[in-house]
Amino acid sequence: MSELAQEITKLGVGSVICLVLLWVIYKSEKREAAKDQRIQMLENKLTESYDERIAAADSIAESNVGLRGALDALTAEIRARLK
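Start counting at 1 in the sequence shown, then tack on 3, and there's your number in my numbering.
Treat the hints with care, since some could be wrong.
Unchecked claim - Here are the simulated lysine-lysine pairs, BS3-like style, with alpha carbons at most 30 Å apart:
| no. | residue 1 | residue 2 |
| --- | --- | --- |
| 1 | 30 | 48 |
| 2 | 48 | 33 |
| 3 | 48 | 38 |
| 4 | 30 | 13 |
Stated by the list, open to error - Now the in silico label distances, taken between C-beta atoms and shown as ranges:
| no. | residue 1 | residue 2 | range |
| --- | --- | --- | --- |
| 5 | 79 | 59 | 28 to 36 Å |
| 6 | 21 | 54 | 45 to 53 Å |
| 7 | 41 | 62 | 27 to 35 Å |
Simulated from the structure, these hints should not be mistaken for lab results. Quick caveat, the model's predicted, so the values are computed rather than measured. Quick reminder that beta carbons are idealized off the backbone N, C-alpha and C, glycines included.
Kindly produce the complete structure, drawing on both the sequences and the hints.
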């Protein structure tokens with residue numbers, strides 16, 4: 004019998020159960036850490052997407068202001084030619 008098996012048999016059933024529970028908790032914590040990383044990645048993507056949408060909306064607003072100015076100038080020019 005290997006040394007590890009001998010040590011486990013010396014510990015008794017209760018200690019073996021504790022070791023199994025500790026192993027299960029360890030694995031569960033690793034899964035939780037992986038989930039936390041995925042959640043953080045998704046939050047980062049959401050924030051980036053939100054920032055990109057705000058930048059696009061700002062760009063559209065600026066171009067609307069520019070278009071209004073051009074339309075006003077065109078209207079003034081047409082009115083001047085019609086007089």
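We went through each hint and held it up to the structure:
no.	hint	in the structure
1	30 with 48	holds (27 Å)
2	48 with 33	holds (23 Å)
3	48 with 38	holds (15 Å)
4	30 with 13	holds (25 Å)
5	79 with 59: 28 to 36 Å	holds (31 Å)
6	21 with 54: 45 to 53 Å	holds (49 Å)
7	41 with 62: 27 to 35 Å	holds (32 Å)
The structure is consistent with each of the numbered hints, conforming to all of them.
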